[in-house]
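Enquirer: Quick note, the sequences are listed as chains A and B, same order.
The numbering of the first sequence is my numbering, which starts it at 1 and goes up by one.
The numbering of the second sequence is my numbering, which starts it at 1 and goes up by one.
Keep in mind the hints are simulated off the structure, nothing from the lab.
Check the hints yourself; a few may be wrong.
Listed next, the stretches of chain A that the computed footprint assigns to chain B, with coverage defined by at least 3 CB atoms under 8 Å from CB atoms of chain B [as the list claims (entries may be wrong)]:
1. 38-46
2. 117-124
In silico negatives: residues of chain A with every beta carbon more than 12 Å from chain B [claimed, not checked]:
3. Phe4
4. Thr26
5. Val28
6. Lys52
7. Leu60
8. Lys64
9. His99
10. Leu114
11. Val140
12. Tyr186
13. Asn202
14. Pro209
The C-beta atom is built at its ideal place from N, Cα and C for all residues, glycine as well.
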Amino acid sequence: MKKFLRIFGISYCFTFFLFQTIFAGTVVDKFKIEGIISIASTKALQSELLKKMDIKIIDLNLKKTDSGWPVLRIEYDPDIISKNKIETVIGEIEDPAGHKYKVHKGPLIANANLIDEENQAMTILGDMTMDLKQVNNPTVDFDSSIKRGKDMFIKNCAKCHGLNGNGYGVVAHGFTTWPRQLWAWYKADSAADSYLYWIIENGKSDMPPWGLVLSENERWDLINYIKTIKKPEEN
Amino acid sequence: MAEKIKPPRIRVSRRIKKNKVFKVKVKFDHPSFTGLAMADDTTEPVFNRAKPVTFIRNMLVYYGDELVSRLSLSSGIADDPLFTFKLKATKEAPVKVVFIDNFGKRWEASKEIKFKG
Numbered sequence: 001m002k003k004f005l006r007i008f009g010i011s012y013c014f015t016f017f018l019f020q021t022i023f024a025g026t027v028v029d030k031f032k033i034e035g036i037i038s039i040a041s042t043k044a045l046q047s048e049l050l051k052k053m054d055i056k057i058i059d060l061n062l063k064k065t066d067s068g069w070p071v072l073r074i075e076y077d078p079d080i081i082s083k084n085k086i087e088t089v090i091g092e093i094e095d096p097a098g099h100k101y102k103v104h105k106g107p108l109i110a111n112a113n114l115i116d117e118e119n120q121a122m123t124i125l126g127d128m129t130m131d132l133k134q135v136n137n138p139t140v141d142f143d144s145s146i147k148r149g150k151d152m153f154i155k156n157c158a159k160c161h162g163l164n165g166n167g168y169g170v171v172a173h174g175f176t177t178w179p180r181q182l183w184a185w186y187k188a189d190s191a192a193d194s195y196l197y198w199i200i201e202n203g204k205s206d207m208p209p210w211g212l213v214l215s216e217n218e219r220w221d222l223i224n225y226i227k228t229i230k231k232p233e234e235n
Numbered sequence: 001m002a003e004k005i006k007p008p009r010i011r012v013s014r015r016i017k018k019n020k021v022f023k024v025k026v027k028f029d030h031p032s033f034t035g036l037a038m039a040d041d042t043t044e045p046v047f048n049r050a051k052p053v054t055f056i057r058n059m060l061v062y063y064g065d066e067l068v069s070r071l072s073l074s075s076g077i078a079d080d081p082l083f084t085f086k087l088k089a090t091k092e093a094p095v096k097v098v099f100i101d102n103f104g105k106r107w108e109a110s111k112e113i114k115f116k117g
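Let the sequences and hints guide you as you build the complete structure.
Expert: The following block contains the structure:
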């Protein structure tokens with residue numbers, strides 16, 4: 001028993017010190033990366049970074065990041081390497097096509113507020129022309145309509161408006177205007193129907209006219225579902 | 001966006017008669033980029049952000065003091081676009097074109113309209 005305890009104690013201490021030596025003081029940081037334009041540039045960044053620095057790359061997440069920018073997670077020892085140094089090295093690396101990478105530090109939405117002149121122009125000439133017709137929601141069975149609307153939303157709308165309707169869909173980053181946050185119509189009454197119907201039918205800004213694709217009933221299913229989308233913190 | 005963007009250039013018809021329609025051409029060397037790329041096609045390919053989005057957001061056309069047109073543009077337009085439009089020569093006054101990009105930066109160019117013949 002004594003022998004067993006001794007061996008166990010020694011191996012425990014050895015493992016503990018080994019663990020301390022390897023992982024002592026390491027931190028994991030996230031870096032938003034600009035300049036990842038191809039599969040080759042994804043690989044080049046990681047291999048070059050490992051060549052130049054004594055770090056461990058945990059992963060490079062291209063998809064489903066909060067900001068849409070690829071996120072590189074790096075484990076490093078802050079006593080040896082600083083975060084600024086890592087950012088500098090990333091900025092020095094070139095991909096096979098000669099493009100440089102950069103750590104993104106810009107704003108979340110790259111569309112500055114309208115300047116006074118633009119606001120004035122919209123006041124004079126109008127934002128857009130809308131010919132709203134009075135429409136009545138023909139839905140009888142709301143539960144099944146909302147269910148159909150949800151499926152349709154995931155299939156057609158979520159890429160731009162986001163799965164939870166936050167207006168932060170995957171492909172929305174390059175749009176002129178940020179897609180609308182759909183919880184604006186949560187529990188909206190029938191007064192909003194004409195507007196929603198018109199927007200879905202004719203589109204607005206970067207939104208295409210879904211009237212060409214969706215039938216009248218499908219549009220109503222969508223409207224019924226949109227009215228159930230809550231703000232995430234209220235969920 | 002590191003490179004300096006030059007102001008737009010305007011050309012108008014040489015002979016402009018009163019109350020006749022004349023053509024205006026505006027060239028603006030400005031990049032246009034969605035900022036998106038597809039760097040992963042292993043499973044379900046999706047776009048990721050690769051560069052900051054850059055595009056001309058609004059183009060405003062003034063004839064004299066009057067705002068005659070506003071074009072709401074997107075990242076879908078070409079780099080260095082050329083715009084051509086027609087105006088009715090109702091007065092001798094400058095035609096001014098203003099461009100504003102998504103960073104809120106503003107450029108303008110103007111050309112004096114004078115009647116000939």
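Enquirer: Hint by hint, say whether it matches the structure.
Expert: Status of each hint after checking the structure:
1. With 4 residues having a Cβ less than 8 Å from any Cβ of chain B, the region 38-46 of chain A passes the three-residue criterion, so the hint holds.
2. Here the region 117-124 of chain A counts 6 residues with a CB under 8 Å from a CB of chain B, which clears the bar of 3, and the coverage holds.
3. For Phe4 of chain A, the shortest C-beta to C-beta distance to chain B comes to about 48 Å, beyond the 12 Å cut-off, and the non-interface label holds.
4. With a cut of 12 Å on Cβ distances, Thr26 of chain A stays outside the contact zone with chain B, its closest approach being about 27 Å.
5. Every Cβ of chain B is farther than 12 Å from the Cβ of Val28 of chain A; the closest lies at roughly 21 Å, confirming the non-interface assignment.
6. The Cβ of Lys52 of chain A lies farther than 12 Å from every Cβ of chain B, with a closest approach of about 21 Å, so its non-interface assignment holds.
7. Distance check on Leu60 of chain A: its Cβ comes as close as 9 Å (rounded) to a Cβ of chain B, failing to clear the 12 Å threshold; non-interface status is violated.
8. With a cut of 12 Å on Cβ distances, Lys64 of chain A falls inside the contact zone with chain B, its closest approach being about 8 Å.
9. Listed as a non-interface residue, His99 of chain A fails to keep its Cβ farther than 12 Å from every Cβ of chain B; the least gap is roughly 9 Å.
10. Its beta-carbon lying about 8 Å from the closest one in chain B, Leu114 of chain A breaks the requirement of being farther than 12 Å from that chain.
11. Val140 of chain A, annotated as away from the interface, keeps every beta carbon of chain B farther than 12 Å; the closest lies near 37 Å.
12. Every CB of chain B lies more than 12 Å from the CB of Tyr186 of chain A, the least distance being 28 Å, so the non-interface label holds.
13. Distance check on Asn202 of chain A: its Cβ is at least 15 Å (rounded) from any Cβ of chain B, clearing the 12 Å threshold; non-interface status holds.
14. Interface exclusion of Pro209 of chain A from chain B stands, the closest Cβ pair being 15 Å apart, more than 12 Å.
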